Amino acid sequence: MIRRLILCMTVSVLLLLAVAPLAAQEEFVFGVILVGPESDHGWSQAHFEAGHYVEASIPGARMVFFPSLNPADAPETTLHDVVQNMVDEGAQVVFTTSDAFEEDTATVAAAFPDVTFINVSGDDVLTGEAPPNVGNVMGQIEWMKLVAGCAAGLTTETGNIGYLGPLINGETRRLAASAYLGARFCYELDGGNPEDLTFTVTWIGFWFNIPGVTLDPTAETNTFFDSGADVVISGIDTPEVIQIAAQRAANGENVFAVPYDYREACAQGPEVCLGVPFFNWGPDYVRIVQLVQSGGWMPSWDWQEPDWSDINNPDTSAVGFLPGDALGENADTLNQFIADLAGYATNPFVPDSFALWSGPLSLQDGAELAAQGQLVEILDVWYLPQLLDGMVGASE
Amino acid sequence: MSQPKTIRVLFVLLSIGASLLATSVLVLLVGENPIEVFGHIWQGAFRNSEATAGVFNFWIPLALCSMGLIITFTAGLWNIGVEGQIVAGALAASWAARTFVLPNEIQIPLELLLATAGGALWGLLIGILKIRFGVHEIFGGVGLNAIISVYSIYLIAGPWQPPEGGSAQATQPFSDYALLHPMSSQFPVSLFTLILTFAAIIAVYLLLRGTRWGLQLKATGKNAKSALLLGVPTTRTTLTALMACGMLAGVAGAYRVLFTYDSLRPNVSGGIGFLGLLLVLLTGMNALWTPIVAFIFAAILSGSTRLRVSLQLDSSLAGVLQGILVLSMLLFNGLRQRLFERRRASAAPPASPLDVQPLVSDSKAASGE
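Residue numbers (this note's numbering), protein chains in the order written: chain A, 1 to 396; chain B, 1 to 369.
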């Protein structure tokens with residue numbers, strides 16, 4: 001009996017010893033580097049939660065992350081140092097989740113040729129400047145900015161919409177312009193004259209507030225409302241717009257907000273929230289990690305469309321729009337607008353383009369972007385050089 | 001009657017022990033093992049030569065700023081504007097890096113020279129505001145910090161934006177000939193700047209200890225009015241102190257753009273100047289202690305990167321540790337002084353490194369009026 005017991009124990013121990021390394025081998029470490037805090041209710045949190053989605057979707061996947069990597073919050077470290085730490089932890093894929101990291105990603109990737117780097121929102125692969133171990137990914141949030149603009153256009157009673165932008169570049173210009181096109185279209189749909197619509201863009205200078213460096217998003221949101229806007233659309237990574245709108249609504253004002261980036265952003269003020277265009281990075285993160293695991297990853301520039309069969313599907317859609325409680329009776333019109341966008345995007349006879357990005361369209365300086373009936377090429381949207389004619393605000 | 005050296009060292013050790021204890025309690029409260037946390041900070045800072053290089057790369061600008069601040073504090077000046085002086089140096093170095101195309105051996109000294117000039121100019125402005133217009137150096141410094149910070153962002157997003165378009169994130173990376181080069185891939189630190197930093201430490205030590213200017217700084221700092229009556233040129237001393245600090249801060253700024261980032265970035269100073277202020281207050285303006293404590297701070301901060309990556313613990317814990325360390329050292333220093341004051345029969349004891357606190361000089365006396 002004792003001999004049998006000893007035998008059983010020995011076999012168990014041997015089995016454990018044999019299985020333990022196998023289990024350890026299954027671990028796959030990936031890094032996520034955030035430009036802001038992981039709980040910003042915006043851009044960085046969306047990436048952070050995508051990391052958790054990967055952990056939940058791929059057995060053995062483990063995230064290591066570093067928040068707020070920027071000279072103001074972490075002056076003592078650099079992208080190279082953080083990546084070195086992640087590689088020491090065993091990271092095989094590193095997501096650098098800001099265009100602020102674009103240049104450094106290319107440099108650091110050259111120093112770590114065995115690690116795959118994914119820079120989110122950059123275009124180094126498209127321009128051919130990226131090392132072979134760098135890929136780019138971005139969601140086609142332009143569609144959802146059209147929807148955001150539409151929600152604002154349907155709701156505004158003063159005909160005055162504010163757009164709080166971060167810094168000025170091609171990405172931020174095209175997102176503001178998409179919101180403008182959506183607002184203009186739906187304002188007219190609701191019986192307004194689009195020529196009467198005021199759409200003002202204020203750039204704060206960065207993706208989030210840096211005291212003493214950027215304009216204060218709280219103050220700028222208040223300025224919008226004080227100057228007659230009743231809807232403010234956020235283009236920044238943090239939730240000041242919806243927070244201010246909620247405070248003012250609590251004081252009896254009839255104001256609304258459209259936050260940005262993060263699926264749960266409306267929770268900051270559901271009574272004023274018209275909806276939120278959001279990124280859903282999880283499915284793409286999973287796809288990329290699986291490709292790296294299988295050895296099938298190749299560098300690519302991916303500008304991912306929504307899943308038009310269900311734009312809010314957390315397992316399939318790269319971007320989405322969650323309508324807010326404050327939409328009220330406009331919810332049906334907005335849903336129809338989304339359905340029309342889906343019809344446009346999935347129509348095999350329509351060339352690759354964004355809806356409403358069709359002529360006649362001019363840039364702010366009067367230069368023609370698209371003639372009557374002409375569609376704007378999607379790369380011309382990507383590299384939009386100015387705001388559109390009719391928008392108020394700086395293009396450069 | 002001076003305090004025995006052993007007592008002073010004992011109190012320093014006590015303060016370090018108390019801060020470690022307090023931090024350990026905090027770490028336990030968040031459910032982590034303090035030994036593991038301190039181990040990770042150590043690992044993060046010194047696990048290999050590359051990690052240690054990271055410590056040096058943060059130490060170099062921190063030490064330069066701190067040595068500069070010793071000069072201004074000695075002259076009784078609260079040089080809050082040191083942050084702006086770092087940015088001014090960074091801007092000047094960036095301008096040179098973008099403008100000149102020269103061999104690296106000529107380009108680098110030129111860039112550093114311009115960086116010192118930029119920092120000195122920004123320091124001089126604070127002095128002029130103080131002396132000619134009666135603007136206290138704290139307010140002048142804060143204002144000038146904001147101006148230069150906004151101007152740097154304007155340059156990054158505007159005239160100096162990359163050819164593919166401005167993103168307000170950074171300028172185009174500077175060309176290789178314009179950059180400081182690492183001494184090796186195993187220890188990526190600029191040897192030239194490292195030597196320059198050690199030279200600055202020795203120079204400040206000697207200047208304050210054995211020169212007429214050092215004496216004038218001390219006299220102005222202790223009592224500007226009396227110093228003026230005794231013939232000390234307080235105006236010149238104030239201006240030169242701010243310029244000297246600006247020069248060192250300018251080199252720190254140059255290091256940030258020519259080595260750390262390879263380009264100009266918003267917020268390039270990153271609060272290093274403010275950390276330097278804290279350090280110098282902590283060490284009582286001691287020119288030998290300051291670079292050592294700066295190295296400890298640099299190690300804690302650099303090591304904390306690993307805390308986040310390995311333990312997924314908030315890296316601000318390192319900031320908490322640093323804050324507790326500062327508070328603890330100040331607290332124990334105060335306790336030590338109080339203890340000895342009771343035992344003193346008369347007169348103040350000679351200054352020890354941790355005793356001396358800067359005096360804010362009277363602006364009229366500093367201006368020589």
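Among these hints, one or two may not hold up.
From the structure, some residues in chain B lie toward chain A, with a derived Cβ separation under 8 angstroms [what the hints assert, rightly or not]:
hint, residue
1, 14
2, 18
3, 136
4, 169
5, 173
6, 175
7, 268
8, 271
9, 274
10, 302
11, 305
12, 313
Using C-beta positions, here's what the derived DEER-type ranges look like [what the hints assert, rightly or not]:
hint, chain 1, residue 1, chain 2, residue 2, range
13, A, 302, B, 135, 26 to 36 angstroms
14, B, 136, A, 113, 53 to 63 angstroms
15, A, 113, B, 191, 21 to 31 angstroms
16, A, 302, B, 185, 18 to 28 angstroms
17, A, 211, B, 33, 56 to 66 angstroms
18, A, 305, B, 292, 13 to 23 angstroms
From chain A, some residues computed to sit far from chain B (all C-beta separations above 10 angstroms) [stated by the list, open to error]:
hint, residue
19, 49
20, 71
21, 81
22, 167
23, 193
24, 252
25, 292
26, 301
27, 307
28, 371
Hints in this document: simulated from the structure, not taken from any laboratory. These figures come from a predicted structure and were not determined experimentally. Ideal Cβ placement from N, Cα and C applies to all residues, glycine included.
Hints not upheld, ascending by number: 1, 2, 3, 6, 9, 12, 13, 16, 17, 18, 20, 21 and 22
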